[in-house]
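Quick note, the sequences are listed as chains B and L, same order.
Using the working numbering, read the first sequence as starting at 6 and increasing by one per residue.
Using the working numbering, read the second sequence as starting at 6 and increasing by one per residue.
Just so you know, these hints were derived from the structure itself, not from any lab.
If you're wondering where the values come from, they're calculated on a predicted model, not measured in any experiment.
There's no promise every hint is true.
As the list makes no split between identical chains, a pair holds if one copy fits it or if it spans any two.
Here are the simulated SDA-like pairs of lysine to any residue, each with C-alpha atoms no more than 25 Å apart in a straight line [said to hold, decoys possible]:
hint : residue 1 : residue 2
1    : Lys41     : Leu10
2    : Lys112    : Asp72
3    : Lys112    : Arg19
4    : Lys112    : Gly42
5    : Lys106    : His83
6    : Lys112    : Phe60
Number of protein chains: 2
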Amino acid sequence: MFNTLNGQWCNLLRVRRAGILSRHRHPAPVHGYVIKGSWRYLEHDWVARAGDYVFEPPGETHTLTVDAGVEEMITFFHISGCMYYVDEEGNHTGFEDVFTKIDMCRKHYIDIGLGDAYVDQFVR
Amino acid sequence: MFNTLNGQWCNLLRVRRAGILSRHRHPAPVHGYVIKGSWRYLEHDWVARAGDYVFEPPGETHTLTVDAGVEEMITFFHISGCMYYVDEEGNHTGFEDVFTKIDMCRKHYIDIGLGDAYVDQFVR
Numbered sequence: 006m007f008n009t010l011n012g013q014w015c016n017l018l019r020v021r022r023a024g025i026l027s028r029h030r031h032p033a034p035v036h037g038y039v040i041k042g043s044w045r046y047l048e049h050d051w052v053a054r055a056g057d058y059v060f061e062p063p064g065e066t067h068t069l070t071v072d073a074g075v076e077e078m079i080t081f082f083h084i085s086g087c088m089y090y091v092d093e094e095g096n097h098t099g100f101e102d103v104f105t106k107i108d109m110c111r112k113h114y115i116d117i118g119l120g121d122a123y124v125d126q127f128v129r
Numbered sequence: 006m007f008n009t010l011n012g013q014w015c016n017l018l019r020v021r022r023a024g025i026l027s028r029h030r031h032p033a034p035v036h037g038y039v040i041k042g043s044w045r046y047l048e049h050d051w052v053a054r055a056g057d058y059v060f061e062p063p064g065e066t067h068t069l070t071v072d073a074g075v076e077e078m079i080t081f082f083h084i085s086g087c088m089y090y091v092d093e094e095g096n097h098t099g100f101e102d103v104f105t106k107i108d109m110c111r112k113h114y115i116d117i118g119l120g121d122a123y124v125d126q127f128v129r
């Protein structure tokens with residue numbers, strides 16, 4: 006779901022192998038519900054497990070990691086603002102918001118043959 | 006999670022018998038993720054099933070119903086604004102917002118012996 010009126014989107018994040026999601030900062034609230042598997046942030050000592058709710062306050066900077074042994078993790082995220090990617094020193098390395106997400110999905114749906122208008126049904 | 010800064014809350018709605026949630030109107034967006042079971046709105050012809058995402062735009066008025074045969078339904082909701090309860094003619098019958106929800110939870114936690122401060126950990 007792409008909310009272009011207040012810069013917000015919902016997505017399922019699915020990870021099927023051990024790995025890391027680049028370090029990023031959130032300027033606005035994020036809510037998550039873990040559907041399957043488990044994951045954690047390198048910056049925190051808790052583990053998010055299936056059935057857990059996760060709140061990420063504005064200002065949070067973190068690196069999501071899925072540990073070896075987790076076959077698959079799926080989390081429903083409700084994200085506002087953007088993902089501002091940073092390296093260990095806080096230097097800018099990338100940026101995503103509802104508009105770059107729409108662009109990414111539009112390209113994906115074109116690539117898999119569903120066409121350039123397919124994503125529009127998810128945009129408000 | 007009770008967000009008192011922009012009038013928003015997250016909750017799990019669990020229903021363990023067939024029944025109806027009183028008709029209500031939403032002045033602000035609602036996002037849902039169905040974890041278990043299924044349910045529908047009397048005002049729509051689709052059914053929300055486990056794994057489905059549901060978006061309720063501002064202005065939606067509906068009556069949630071869980072049909073006989075569904076043992077249990079659990080849905081994760083991210084709700085903004087309020088629940089403005091109305092009857093079939095649109096007359097006001099009740100009201101809930103993040104503050105009435107906090108009051109309700111505070112009373113519940115007192116009743117079950119966890120004390121009047123227990124809910125505070127969920128308030129931002």
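query = Hint by hint, which ones does this structure get wrong, listed from lowest number up?
reply = 1, 2, 4
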